[in-house]
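In the order they appear, the protein sequences are chains A and B.
Heads up, the first sequence is in the numbering used here, so the first residue is 504 and it goes up one at a time.
Heads up, the second sequence is in the numbering used here, so the first residue is 504 and it goes up one at a time.
Take these hints with a grain of salt, some might be off.
Remember, identical chains collapse to one label, so a pair may be satisfied in a single copy or spanning two.
Unchecked claim - Derived pair list, reagent style DMTMM-like, types lysine to aspartate or glutamate, alpha-carbon separation capped at 25 Å:
1) K561 to E639
2) K601 to D611
3) K697 to D548
4) K560 to E639
Keep in mind that the hints were calculated from the coordinates and are not lab data.
Number of protein chains: 2
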Amino acid sequence: MQLNIQPVPLEKAFRLLNHGPTVLVTSSHQGHANIMAAAWNMPLDFNPSRVAIVVDKKTYTRELMEASGTFAINLPCRAQAELVVKVGSSSGRELLGKTPDNKFAAFDLPTFAASKTEAPLLEGCVAWLECKIISEPHIQETYDLFLAEVVAAYADNQVFSDGRWHFEEHDALRTLHHVAGGFFFTPGEGFTTKP
Amino acid sequence: MQLNIQPVPLEKAFRLLNHGPTVLVTSSHQGHANIMAAAWNMPLDFNPSRVAIVVDKKTYTRELMEASGTFAINLPCRAQAELVVKVGSSSGRELLGKTPDNKFAAFDLPTFAASKTEAPLLEGCVAWLECKIISEPHIQETYDLFLAEVVAAYADNQVFSDGRWHFEEHDALRTLHHVAGGFFFTPGEGFTTKP
Chain A
504 MQLNIQPVPL EKAFRLLNHG PTVLVTSSHQ GHANIMAAAW NMPLDFNPSR
554 VAIVVDKKTY TRELMEASGT FAINLPCRAQ AELVVKVGSS SGRELLGKTP
604 DNKFAAFDLP TFAASKTEAP LLEGCVAWLE CKIISEPHIQ ETYDLFLAEV
654 VAAYADNQVF SDGRWHFEEH DALRTLHHVA GGFFFTPGEG FTTKP
Chain B
504 MQLNIQPVPL EKAFRLLNHG PTVLVTSSHQ GHANIMAAAW NMPLDFNPSR
554 VAIVVDKKTY TRELMEASGT FAINLPCRAQ AELVVKVGSS SGRELLGKTP
604 DNKFAAFDLP TFAASKTEAP LLEGCVAWLE CKIISEPHIQ ETYDLFLAEV
654 VAAYADNQVF SDGRWHFEEH DALRTLHHVA GGFFFTPGEG FTTKP
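Same shape as in the complex, but just chain A (with noise of 0.2 Å):
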């Protein structure tokens, strides 16, 4: 378990996801877990809290995210940019009955649990978005598209307090904002503008 993680108020939760970072999906149903890369989501309400995303129906995140009604969001950083593109480039359904048997053991990635949902919580992101699936087939059979009520919300308070990222101090820790073929940007200047 990160020692400073703390808890985001639910209706401040859509700033975390405000600024456009990639994110990885975690989902988990009867002991079977998997984790995937997402660019494609954004926030949808601050009250109640709610998320869409993306998930294609080739994935095996999806198959479990479906069975299960919830998933998690995981803000990776700067220090697990080359972990995302490795989990974003291989097919958890492809480990199924081999040695090991999922990503995160294939991957050696420590997850701690989730408060509210099955899915495994990724260590060393910054953020985490507990979600539950709102049931709406028509959508996610035609667009793939997913839409969520955020039931938990949490962030590395080394770079997320008051409700505003600050990562001055933490280049490791920079969200990741994915252009294209493993091409990232990471936020650079902060500052506020006035009406």
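Place chain B on chain A using the hints.
What follows is chain B alone, placed relative to chain A:
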């Protein structure tokens, strides 16, 4: 008209949004036009090119979107941060019947014509996506969520070419990533990680 605008192939249009920028939404119908800020957007597919965006039902932009069936996503840059906050904290509906009667005139916003939709495109931005709404009344009404097909896309080739953003020499043209309350990041370090 900007000099550096170049078309972006539709199957690569998702790369304009993949790193999570805050955008400006423009819409127009029967001589009325409006513009608003929207941090909650994401790619939805690359073939066909589709996007998802949240637009509150109170907004005048949405009224014009629903009337015309189209809208445009404009990606503002560092030089426009103050403008984004101004546009995002004012209502086009309240200007109706006044002089000037729209935000473009009130904030002195130069635009150029889109090629396939009615929505005006804002000069000084660094990318533009012309969008046709995919009618999904249930999620529009329930979640304020709009899905759309991207029918044309363009970018400023000073900072986006060959399917990649490259802001190195152009701090003023970096995209904006809103956290909350007028606090933004711009993209900092860019790097490539291979699996």
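Checked hints:
For the homomeric pair K561 and E639, the shortest alpha-carbon distances inside one copy (18 Å) and between copies (24 Å) are both at most 25 Å. With identical chains, the CA atoms of K601 and D611 are at most 25 Å apart within one copy only, with a shortest distance of 15 Å there and 63 Å across copies. In this assembly of identical chains, the alpha carbons of K697 and D548 lie at most 25 Å apart only when taken from the same copy (23 Å versus 34 Å across copies). Taking the shortest alpha-carbon separations for K560 and E639, both the intra-copy value of 14 Å and the inter-copy value of 20 Å come in at or below 25 Å.
Violation of the numbered hints given earlier is absent; every hint is satisfied by the structure.
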